[in-house]
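Since the structure of chain A is provided, determine the placement of chains B, C and D on it from the hints.
Protein chains: 4
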Amino acid sequence: MIVVMKAKSTKQEKDEVLKRIRELGYKPHVIHGETRDVIGAIGDERGKMVLQSLESMHGVENVVPILQPYKLASRELRKETSVVRITDEVSIGGKNITIMAGPCSVESERQIIESAVAVKEGGAHILRGGAFKPRTSPYSFQGLEEDGLKLLAKARELTGLPVVTEVINPETADLVAEYADILQIGARNSQNFALLKKVGQLRKPVLLKRGMSMTIQEFLMSAEYVMSEGNDAVILCERGIRTFETATRNTLDLSAIPVLQVKTHLPVIVDPSHGTGNHHYVAPMSFAAVAAGADGLIVEVHPDPENASSDGPQSLKPAKFKEMMEKLKLFAEAAGRETE
Amino acid sequence: MIVVMKAKSTKQEKDEVLKRIRELGYKPHVIHGETRDVIGAIGDERGKMVLQSLESMHGVENVVPILQPYKLASRELRKETSVVRITDEVSIGGKNITIMAGPCSVESERQIIESAVAVKEGGAHILRGGAFKPRTSPYSFQGLEEDGLKLLAKARELTGLPVVTEVINPETADLVAEYADILQIGARNSQNFALLKKVGQLRKPVLLKRGMSMTIQEFLMSAEYVMSEGNDAVILCERGIRTFETATRNTLDLSAIPVLQVKTHLPVIVDPSHGTGNHHYVAPMSFAAVAAGADGLIVEVHPDPENASSDGPQSLKPAKFKEMMEKLKLFAEAAGRETE
Amino acid sequence: MIVVMKAKSTKQEKDEVLKRIRELGYKPHVIHGETRDVIGAIGDERGKMVLQSLESMHGVENVVPILQPYKLASRELRKETSVVRITDEVSIGGKNITIMAGPCSVESERQIIESAVAVKEGGAHILRGGAFKPRTSPYSFQGLEEDGLKLLAKARELTGLPVVTEVINPETADLVAEYADILQIGARNSQNFALLKKVGQLRKPVLLKRGMSMTIQEFLMSAEYVMSEGNDAVILCERGIRTFETATRNTLDLSAIPVLQVKTHLPVIVDPSHGTGNHHYVAPMSFAAVAAGADGLIVEVHPDPENASSDGPQSLKPAKFKEMMEKLKLFAEAAGRETE
Amino acid sequence: MIVVMKAKSTKQEKDEVLKRIRELGYKPHVIHGETRDVIGAIGDERGKMVLQSLESMHGVENVVPILQPYKLASRELRKETSVVRITDEVSIGGKNITIMAGPCSVESERQIIESAVAVKEGGAHILRGGAFKPRTSPYSFQGLEEDGLKLLAKARELTGLPVVTEVINPETADLVAEYADILQIGARNSQNFALLKKVGQLRKPVLLKRGMSMTIQEFLMSAEYVMSEGNDAVILCERGIRTFETATRNTLDLSAIPVLQVKTHLPVIVDPSHGTGNHHYVAPMSFAAVAAGADGLIVEVHPDPENASSDGPQSLKPAKFKEMMEKLKLFAEAAGRETE
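For the record, the sequence lines run as chains A, B, C and D. Each residue of the first sequence is one higher than the one before, counting from 1 in the working numbering. Each residue of the second sequence is one higher than the one before, counting from 1 in the working numbering. Each residue of the third sequence is one higher than the one before, counting from 1 in the working numbering. Each residue of the fourth sequence is one higher than the one before, counting from 1 in the working numbering.
It should be emphasised that the hints constitute simulated quantities derived from the structure, not laboratory data. Mixed in with the good hints there might be a few duds.
Chain copies aren't distinguished; within one or between two, either way the pair holds.
[As the list claims (entries may be wrong)] Simulated crosslink set (DSS-like; lysine-lysine; CA at most 27 Å straight-line):
| no. | residue 1 | residue 2 |
| --- | --- | --- |
| 1 | Lys329 | Lys95 |
| 2 | Lys14 | Lys27 |
| 3 | Lys329 | Lys6 |
| 4 | Lys79 | Lys204 |
So here's chain A without its partners, still in its complex pose:
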């Protein structure tokens, strides 16, 4: 932490700040500038958030943090990208580009089986599908709940594809974990700390979506919540942030990929379906995500988007998905990756 003093701070004010820094267990170090002094506080940076309270002291202009407040998620802790193992065949973060695909919601046995077969045929490695649905309106379809989980398990049995599905509260997390291979935390729950702690205690990989107005630093702090409970198998997912632009549902922030690769060892995937909200833009943004270095994609595919009970406009039809996967192969190769 660097404490910047006001230009006209008094000696007494400076002394109070020095004293308080020492009380908090840090070693102060003063730099006398031409117009003002700045004070460095030396010691373990991670617990230094408490130093922020020095901003309330007389004579202090502001307090500037130097280090990032996450530790377990940090690239400094671990140099190689973590590979999150899902099954013997499927993992995320290695040479392979891992593709998760399927409908927004599980709607019926026929729909999810048809979807699972189609996405497998198209080249997906993991089946996605929501059983518990967080919807903006209380009057919208809220998911089939446990029945939906059972249908996902059936689709897995049939196709061999592991399953990723969303968990929306701590109370039903154990239930979801019985059925799912990956527990998804949605964007709206990305700072639901009670839920993050709960999935941190479970022994299943976690797919953590970035919140709509979450900085990359906050995103990593949410990953840190899961990891600090003992669960290291966290997969980060960029899915678009909220900006002033309305031509797309969200603004897909692909620069988050290289930024995250510098800051963390966790693998990063991209959701081009929620990121754009429009099936026309899913293929180009999938190619771009892989080119930017993503370790995988999560894509909405529905056999009949016009009759989908949620997210129809952003879902690909199976034939379009297959066509996209064929082109994606070329971009994966250009990136030195594979899609098998």
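Chains B, C and D only, in chain A's frame:
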């Protein structure tokens, strides 16, 4: 809903859209424009979200909603502003400007009692204080939990001030409701739908904070979640939205007050402490909130901000709070309101 | 400037940075931290932007500026709020709340005269009206240009109200300055540096609007452009920033008022018409602006908004303006100000 | 346009709206809904902006535009992507991915010649370099002006690379056009309509950068300004938008590429240097831009970034640029494009 067809859509494409609108239970009405056709879908607007899926159909340019999707929260349903009763003496939404004040977190018996006495003395009507704290970092202070609730109850007993405190997950909601007079839903949980449903089932007033990247329409949909479970006692709280500006912690959107007054009958209060993140800006923004028509304020006051375990920089000292309350009276009068 | 070194930077890398800091004319000062070193660069802060280039050096994590880069606009330079004198009777920044009002565009002699008489009658001190109009579409009305300026002069002659009007390029700035009492720089030109320099060379007060995505620091840098050419008579105008919220045309950032009061001595006014885009919200946001400490307002008033050639939806009718001004008086008094 | 009436609008209010629509030259068409009426206004959509003023009428809830307000820039006008020809060898918008590269500012003869030779050697087709620099601070380097233009011409002569450079005001536009092959309009001038009109009258291709808070629709309206003056040779450039995220200088909105490809026939390039502000992120975002369908890139390359007078941290060294270009070739091929 208005379905806008592409300039070159075919007759067959239009017929398919008309057929689908009828299947969904609406009556289509075509307007033939000079360059393209638009189709109105007539029927109960509230369930029309499903019509959005028509965007997936061939020949459709886009689908434009006409009505707002909330009902119980709507000003159309109820013309007068709702008055939410807390105790025999205290309510929110009437002629009085209701002031909630206290520390960010309950830290100790001495701290919360001292705070309660000070804010009562300064003119507050309700005591605030967090027992369960949602913190961005897992390494920050997470609150005293049930012990904190007990201390709040003790402070209430001593001062007579009712208590507002945050509930952070469905599992502990009943516990919080045993102690609190108002259940606060924080900004990060504003779309935690499982939690919204849970507090909708309890019989305590709910203080719902706007999410950091929440549109006003989404804010009202979250209120609708609580209300649709049978709890009408919802108080909305504007607490700043996330923008590119970094001079303040958030950007306090005071125009949300008159916008909400047009759209909903629910009372609206403002949190200038989180809205600005800096105690220097709390008083002017409090005055502005009252001038813009707010029904109340929630303000962070701490006897010793420099040693606060959270949010020190944005907390007022008791003397400053009292000074602010005296000036606030003048603005309340200018607005035709009272602060007694 | 504080240069933060990487955790694993080598001694040679540090030496290179120290050498470069000295070459640029600053004195380096090293703080040895537990996990990394930080280096302070001591010397005149204003020219330090060049130090930002150290981010390109090996071993450097990032460079953190300590001071604000403006000087003439800074409150440190001048403790009292500057009073910008317009005429013998009218000035901005003193005890009085100064009101500028009138139509978005000058449309005809009858319209501007009628507007001028009405806003004077309502209590305005300055007449606004656009002769050169920057419009998003090339097919929209672009203003009456010099004819519009002449009509403004006629309205001034008749009512005695000084005139504020927009200047949109350096070529026509001298022409506008012949007629106008205050030169307005619009939000879209707030970083048109060629134009800022030009009005800095003229001897007329400048009303500088904040750009739609301009930070407060950039806003003050634009003021600094005008002032660095010798023109100190700058009035800042908050007019709403662009955010994700679409219920209002922009998000009026009233917290910019107290922030600016800390950082600069320049007077600050507010434009509630562009800030909200809706005449229903103009009165409450005007009251809030005054309560937050604004030195004045600029408000769109039109005798016939339904037939206005621009900005009809956000213009007040004269009767509504008069009604608002009467209530505004009460808020001005609460703020210890006057509106005479 | 669709005019949505309030639920309780009276017959007289509706009649007034119908009358006004007819007066403005449109044909009204009423749809009677269950809770409210909506009125379509049929006629040439382009001039309909004036209909927006109907929002001021009694009984009107809001006015919803159906069509986009641009015409010349629209994909409806012209189905194939426009190819903008620069020289006999170089054009933008065809099969080739066109690369513009060079320093932010022209600093000296040696620097620009060295840069030009290096970027040509690396595979660039066009040399970039600023002679007139729009800088946030009046105290920053403002460019070599005409001397810089002469040095660019010298570099062109030596290498054969055509030159793109920025024009910052109408007064110096003719001078820049004497030297430049492409006239660049910077992000801060993207709604400087006087400047847009001026370059629309010149007969040189225009590289138009998206403003920091510009919607895609506004971006196309700015292109329309240039085109409506007779200059069709417009190249659009996505360069990042301003959001809450601070880990990158801007948020590069790559989804703008497929969105623009649907809406306009103009070619689209990407600026990954300003888009990210950090040379580490330039290569991955360049690859992603090409994968998303961009027609070209504009990249900052400097022989000595640590001593650059502007934008050092985001500039590539020549060796890194060459390395990037070699990989870019693979992504271009995957996209069915070439980089020769």
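Here is how each hint holds up against the structure:
no. : hint              : verdict
1   : Lys329 with Lys95 : both (13 Å within a copy, 21 Å between copies)
2   : Lys14 with Lys27  : both (14 Å within a copy, 22 Å between copies)
3   : Lys329 with Lys6  : neither (57 Å within a copy, 33 Å between copies)
4   : Lys79 with Lys204 : within (23 Å within a copy, 50 Å between copies)
In summary, the one numbered hint that this structure violates is 3.
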